[in-house]
Amino acid sequence: MAKYIGKRLLRSLLTLLIIITIVFSLLRLMPIEGYFENFEKLSTAQINVGLRQLGLKDPLPVQMINFWKGVFKGDWGVSHKYRVGAPVLDIIAEKVPVSMKMGLAALGIALLLGLPLGILMARSTRTRFKIGDKLGTVFVVIIEGIPAAIYHLLIQFYGSKLPGFDMFFHADRPLTWILPIFSLALGNIAYYAMWLRRYMVDENNKDYVRLARAKGVSGGRIFSSHVFRNAIVPLAQFIPTSVILTLMGSLYVESLYSIPGMGGLLVQAIQRQDNTLVQALVLIYAAISILGLLVGDIFMALLDPRIALGKKEGDR
Amino acid sequence: MALFRFKDRKTEELAAHINDHAKKMDEKELFSFAPYDPNAGERGGYSGYSYWRSTLRAFRKNAVAMFFLLVIVATLLFTFVEPLLPYEKEPNTIYYSEQVQLDLFTRQPKLDENGNPIVKVDLSRDIKPGKEYWFGTNAIGQDLWSQIWEGTRNSLFIGFAVACVDALLGILVGVLWGYVRKLDFFFTELYNVFDNVPQTLIVVIISYILRPGMGTMIFAMCLTSWLATARFVRNQVVIIRDRDYNLASRCLGTPPWRIMVKNLLPYLVSIITMRMALAIPAAISNEVFITYIGLGVPLETPTLGTLVEAGRKVMSSASLRYQLFFPVVVLAVITISFYVVGNAFADAADPKNHVN
Numbered sequence: 001m002a003k004y005i006g007k008r009l010l011r012s013l014l015t016l017l018i019i020i021t022i023v024f025s026l027l028r029l030m031p032i033e034g035y036f037e038n039f040e041k042l043s044t045a046q047i048n049v050g051l052r053q054l055g056l057k058d059p060l061p062v063q064m065i066n067f068w069k070g071v072f073k074g075d076w077g078v079s080h081k082y083r084v085g086a087p088v089l090d091i092i093a094e095k096v097p098v099s100m101k102m103g104l105a106a107l108g109i110a111l112l113l114g115l116p117l118g119i120l121m122a123r124s125t126r127t128r129f130k131i132g133d134k135l136g137t138v139f140v141v142i143i144e145g146i147p148a149a150i151y152h153l154l155i156q157f158y159g160s161k162l163p164g165f166d167m168f169f170h171a172d173r174p175l176t177w178i179l180p181i182f183s184l185a186l187g188n189i190a191y192y193a194m195w196l197r198r199y200m201v202d203e204n205n206k207d208y209v210r211l212a213r214a215k216g217v218s219g220g221r222i223f224s225s226h227v228f229r230n231a232i233v234p235l236a237q238f239i240p241t242s243v244i245l246t247l248m249g250s251l252y253v254e255s256l257y258s259i260p261g262m263g264g265l266l267v268q269a270i271q272r273q274d275n276t277l278v279q280a281l282v283l284i285y286a287a288i289s290i291l292g293l294l295v296g297d298i299f300m301a302l303l304d305p306r307i308a309l310g311k312k313e314g315d316r
Numbered sequence: 001m002a003l004f005r006f007k008d009r010k011t012e013e014l015a016a017h018i019n020d021h022a023k024k025m026d027e028k029e030l031f032s033f034a035p036y037d038p039n040a041g042e043r044g045g046y047s048g049y050s051y052w053r054s055t056l057r058a059f060r061k062n063a064v065a066m067f068f069l070l071v072i073v074a075t076l077l078f079t080f081v082e083p084l085l086p087y088e089k090e091p092n093t094i095y096y097s098e099q100v101q102l103d104l105f106t107r108q109p110k111l112d113e114n115g116n117p118i119v120k121v122d123l124s125r126d127i128k129p130g131k132e133y134w135f136g137t138n139a140i141g142q143d144l145w146s147q148i149w150e151g152t153r154n155s156l157f158i159g160f161a162v163a164c165v166d167a168l169l170g171i172l173v174g175v176l177w178g179y180v181r182k183l184d185f186f187f188t189e190l191y192n193v194f195d196n197v198p199q200t201l202i203v204v205i206i207s208y209i210l211r212p213g214m215g216t217m218i219f220a221m222c223l224t225s226w227l228a229t230a231r232f233v234r235n236q237v238v239i240i241r242d243r244d245y246n247l248a249s250r251c252l253g254t255p256p257w258r259i260m261v262k263n264l265l266p267y268l269v270s271i272i273t274m275r276m277a278l279a280i281p282a283a284i285s286n287e288v289f290i291t292y293i294g295l296g297v298p299l300e301t302p303t304l305g306t307l308v309e310a311g312r313k314v315m316s317s318a319s320l321r322y323q324l325f326f327p328v329v330v331l332a333v334i335t336i337s338f339y340v341v342g343n344a345f346a347d348a349a350d351p352k353n354h355v356n
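Read top to bottom, the protein sequences are chains A and R. Number 66 in the numbering used here belongs to position 66 of the first sequence; there are no gaps in the numbering. Number 326 in the numbering used here belongs to position 326 of the second sequence; there are no gaps in the numbering.
Only chain A is shown next, with the shape it has when bound in the complex (with noise of 0.2 Å):
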């Protein structure tokens, strides 16, 4: 198992490497009236002196290793644009609590209603109208086909009608808090249900399950030892990385809402082409991605001892 992790924490290591390389060289594509404000009034020599002191005048390669020099000692580099002079490193650990905070409430609202919907919706199959997994059934469909863009904009137009709700989040006033996390939580909810409720299925209709039926094991038994048990594996791959994936925020919500978090930072760095932000950025979503799979991976066969690490190679 240490073997298996350090060789995958080895090669995730080169994937960074490679990602960064290519976010580097797109970023070079960006025309360069980006980089400053009064562009037409610039003459050559000051654009050029501009150009030498963001460092975009050495060659591609001298800027990599200067860049990854930076990143080792701790020294991400300083935001030109998005706030002149302002560290990288600053910017980012101001917003990340933000978008954090916001994330683990919703994730923790999601699992506490989405798994019990789908272990409902899941136990109503076996009934006779089926009436809890055909509301159920709306719901995620509903969730799930209208695009989230949509209905989260529903949500802040309604929801911001009620008393002491408003249509903005301000970090003073709890109750604003409300609407933006419920957004959040909403896809995950149908997600996790829609999901539970499938495994659930499945693992009821297996023979094994129907011995243990027929021979007179107790449903409440059959229920948690075995069909929750085993459909709540492959949801469970998904919760440390949902955990980790919470400190990127979450784009459109946090901008509805003008919450300053993570989730705007890397659109707006983009725009205003603020390479030294776009690049941490960049290099931190990817990091936590990789480490979001393999944290995952760990977890499953941690519940599962079926699955062995390492035996599979280059598969996951």
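Wrong hints could be hidden among the right ones.
[Said to hold, decoys possible] No farther apart than 27 Å at their CA atoms in a straight line, the calculated lysine-lysine pairs in the DSS-like style are these: (1) R:Lys61 - R:Lys352; (2) A:Lys69 - A:Lys7; (3) A:Lys161 - R:Lys128; (4) R:Lys128 - R:Lys89; (5) R:Lys352 - A:Lys206; (6) R:Lys352 - A:Lys134; (7) A:Lys130 - R:Lys61; (8) A:Lys3 - R:Lys182; (9) A:Lys134 - A:Lys73; (10) R:Lys352 - A:Lys130.
[Stated by the list, open to error] Covered stretches of chain A (chain R as the covering partner; in silico rule of three or more C-beta atoms under 8 Å from a C-beta of chain R): (11) 14-23; (12) 75-89; (13) 208-222; (14) 267-279.
Because the hints were derived from the structure by calculation, they are not lab data. This structure is a prediction, so every number in the text was calculated from the model and none was measured. Ideal Cβ placement from N, Cα and C applies to all residues, glycine included.
Please build the complex by placing chain R on the supplied structure of chain A, with the hints as guidance.
This is chain R only, laid out in the frame that chain A set:
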């Protein structure tokens, strides 16, 4: 060394013995690669089972899915028929009304120096839904009804185009990735790399390099979306590539391309169709999102994304809210229809559900 020689000698003896024996045998009894023979398939018990017929039958039984399929077909037809109808308004024309100005005292039209009446042009802005403009007009006086249908047509076109490229590239790469073991490591690493380059970055750079428009939008979405399909197909291929029937095919000398096309792809058809049906609403909602962050298509090509975004901007005033709701309702109906039909088709295409 002697031991090996002993073993070699034994092997040779055995080989010679088998050869001797084989010479005595009939040609038919010996192992040979089996060439493809269409008649061989008939020798097995033929039950009259047809995959597609059973799929269609299972699908037709699902009343809800049939209803939504009808909705999709009707919408699709209507987007093409609508501009041909008489008295339809142009989506991009800015409508206005002319009013002759009257003199306050004489009640006669005011004349300019050439003797023509002075005409005051009044843009038909923000007119509520009514007889003249069925869905009202937008902030600059364009007819929302025709804009919505034009936008639906454009959005569906984006969706279909992205889904097609998605399926083609995704299947091709996915089957190769899954079936050819030597390529597995290479593609897996490639996937890890490209999956982590943010889509926003790619869209921004492409809209810088190319002119923003429908083609650019489709290109930018295609660049990243096929990755997920390829990975999905790859996982399916890995699951079924070592099943016994494929092993038997390989032993009998079936060429790899034939195994891929005849043994693997039919198994994947249902999954691929479902993904394509789901890729269309995904592309449409992706377009809404891209428009929201300000990278959408230019305003002269209305799409559902640009209409929703335009409606969002006037959301706060109650009298203009219809500009948001009409596009939102159309968009929701379309995406839900595709979602339901895609899932129902996937259920119908699963051979497990054909047995009644």
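Exercise for review: Sort out which numbered hints this structure fails and list those numbers smallest first.
Suggested key: Checked against the structure, the hints that fail are numbers 9, 12, 13, while the rest are satisfied.
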